[in-house]
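**Q** Starting from the known structure of chain D, fit chain X onto it as the hints suggest.
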Amino acid sequence: MVLSIIPVVLNIRVKQCYRLLKEIGLILLVLVAPIAFVGLMGVLEVVARNEFPEVGIYVTVLLFFVHLQRRDHNFLKQIPIRSMWIYLMEYSFALLPVSLLFLLLVGDWKNPLVMQIGGLLIGLIPPARRYGKNWLRSPRLNWFPLDAFEWRCGLRKNWFFIGLVYVLGLLLAKFVATTLLIVILLAYGGASVYNQIEGKEIIEQLYFQKPFLRTKTWTAFWVFNAFLAPHYLLFLLLHTQYWYLLLVAIIVAFLLFCVVIFYKYANFFPGRVLVNHQMILAISMVALFSPLMPVFLPGILIYLFVLWQRAHKNLQHYYAEH
Amino acid sequence: MLSIENLTVTYGEQEVLRQLSTRFEYNEIHGIVGMNGAGKTTLFNTLYGFKKAQNGRILLDGAVLDSRQIAFLETRNYFYPYLHGREYLQLLSLGKQDFDINEWNRLFDLPLDTPVDQYSTGMKKKLAFMGMLALDRPIVILDEPFNGVDVESNEKIRQILERIRSPKRIILLSSHIMGSLTGVCDRISYLTKGEMSRTFLQKDFGQLEEMLQELIRQQIEGTLDDLFGKIAV
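Top to bottom, those sequences are chains D and X.
For the first sequence, the residue numbers in our numbering are 191 to 512.
For the second sequence, the residue numbers in our numbering are 0 to 232.
For reference, chain D alone in the conformation it holds in the complex (with noise of 0.2 Å):
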């Protein structure tokens, strides 16, 4: 039965893959690619030259975070075997290619071995349930601004994770990397609000007061930096000399904003769910947060001026007279 079923999984996972290939745009593919090119060879120098397996477990835990954040529990309890199968199977394929690569070029055995054990167990957990009773009591959260709405859901829908790693990242901010890790995860938190598409009715009612894109920009900038406003605290009094760390974590997480921004506003069809934002954001982050951000920020520049103005053009469709 499993066996059967990899094939029709499989296919429409790369039906899928063509489909977001379509998303993001032939073009920019093109122009992205001898970015990506340097930014793969970089990738494989770091692997050569490193003892430790940090890409894999880099990969592992991005992996886990996408795991967590899956939406497809109904339709594949819909399908005759466990889900577990379908995890194991998904990041198994998913995961082969880099494993290969690293396996191949530099011979290095030991991140496609984090990898591929890590994608393993990550597969035998199973993805958090959304709408159970246990959620029925999620905060109100009235004090965060309401055109920051996007937040006050988000907030709503993982409260106790972001409370858990927010209580944590206090606990323990003595460590350097700690805030640092904060700031990555509760970016990578921030930036999954951004994965649903409000009616056309809401937009309208924020659409022309102020530069909407800009706007909704700086809203999410200045509502993530005040909730993380503690940590930072902490971190300018117990590790004041790096300061520049935490400036550039700060930066990165607002790039990473704009792109979800821009990506969900480039592709409003009211009523509709980004199916894609996942991906997008995986990738962002795995471009934004790597040591090797440099070699790709030129790519993450290009992406978000298209991002843009493909934003402002979707919105212009379906906000201006007709």
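Hints should not be assumed to be uniformly reliable.
[Claimed, not checked] Some chain X residues flagged as far from chain D (calculated, every beta-carbon gap over 10 Å):
1) Gln53
2) Ser66
3) Asp97
4) Asp112
5) Gly147
6) Ser165
7) His175
8) Ser179
9) Thr191
10) Gln206
11) Arg216
12) Phe227
[Said to hold, decoys possible] Which residues of chain D face chain X? A partial, calculated answer using Cβ under 7 Å:
13) Gly389
14) Glu394
15) Pro460
Derived from the structure by calculation, the hints contain no laboratory data.
Nothing here was measured: the structure is a model prediction, and the numbers come from that model.
Note that the Cβ used here is the ideal one computed from N, Cα and C, for glycine as well.
**A** Below, chain X alone, put in the same frame as chain D:
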């Protein structure tokens, strides 16, 4: 006056609205009736800017219509996940001091401090209807407002529509339930194959009902005879 001139809308190769021309007057509640696929929702979606027209013009008092002049109650309401009902209404009443959410909620008694995800279909419809009232716009479009709502709320919606009727407002609504339209509308237009074939005044609603019954009878009579003939055999 809202006037639609030679409106043509297509989905791919399929022409859903064909050179449709009609007018809707202020202070009137105008019903639109038609079979599934006649183009009612497409017409509303085009008015609201969800769908671009291939041809034609939509004018409000001679000027090009702007979707900000419309409050639209869609057939199927979409709400941002985990958004509370109160927040939805707050967003839609931004800048309007006179819309008191609690006062308006006395009509429907919705649990406004609960995520909309936990609302029933009827509750979502009522929330969307309240949101539409909060927008307070000159054109009100309701696509199947009576679907999924209990009898009591249907009557409330009907009475509210009577109250919001004004010389500064045009109200358009569609419904599959003829009774719900004839009870509230001043005129009802029959939309078929993307064209407004005829508009009926209140005194002629009886004719419209007879016409629809006859059309449906003609459509299914042969099939029914076949089916029931076989059962009888």
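**Q** Hints first: check each against the structure and report whether it holds.
**A** Okay, the hints, checked on the actual structure:
1. Gln53: Holds: least Cβ distance 12 Å, greater than 10 Å.
2. Ser66: violated (7 Å)
3. Asp97: Non-interface label on X/Asp97 holds, nearest chain D Cβ at 16 Å vs cutoff 10 Å.
4. Asp112: X/Asp112 not clear of chain D: closest Cβ-Cβ about 7 Å, inside 10 Å.
5. Gly147: X/Gly147 is indeed farther than 10 Å from all Cβ atoms of chain D, at 17 Å.
6. Ser165: Consistent with the label, X/Ser165 stays out of reach of chain D, its closest Cβ about 21 Å off (over 10 Å).
7. His175: holds (21 Å)
8. Ser179: holds (24 Å)
9. Thr191: Non-interface label stands for X/Thr191: nearest chain D Cβ at 24 Å, farther than 10 Å.
10. Gln206: holds (35 Å)
11. Arg216: Holds, because the least Cβ-Cβ distance between X/Arg216 and chain D comes to about 37 Å, which exceeds 10 Å.
12. Phe227: holds (37 Å)
13. Gly389: holds (6 Å)
14. Glu394: holds (6 Å)
15. Pro460: Status holds, d = 6 Å.
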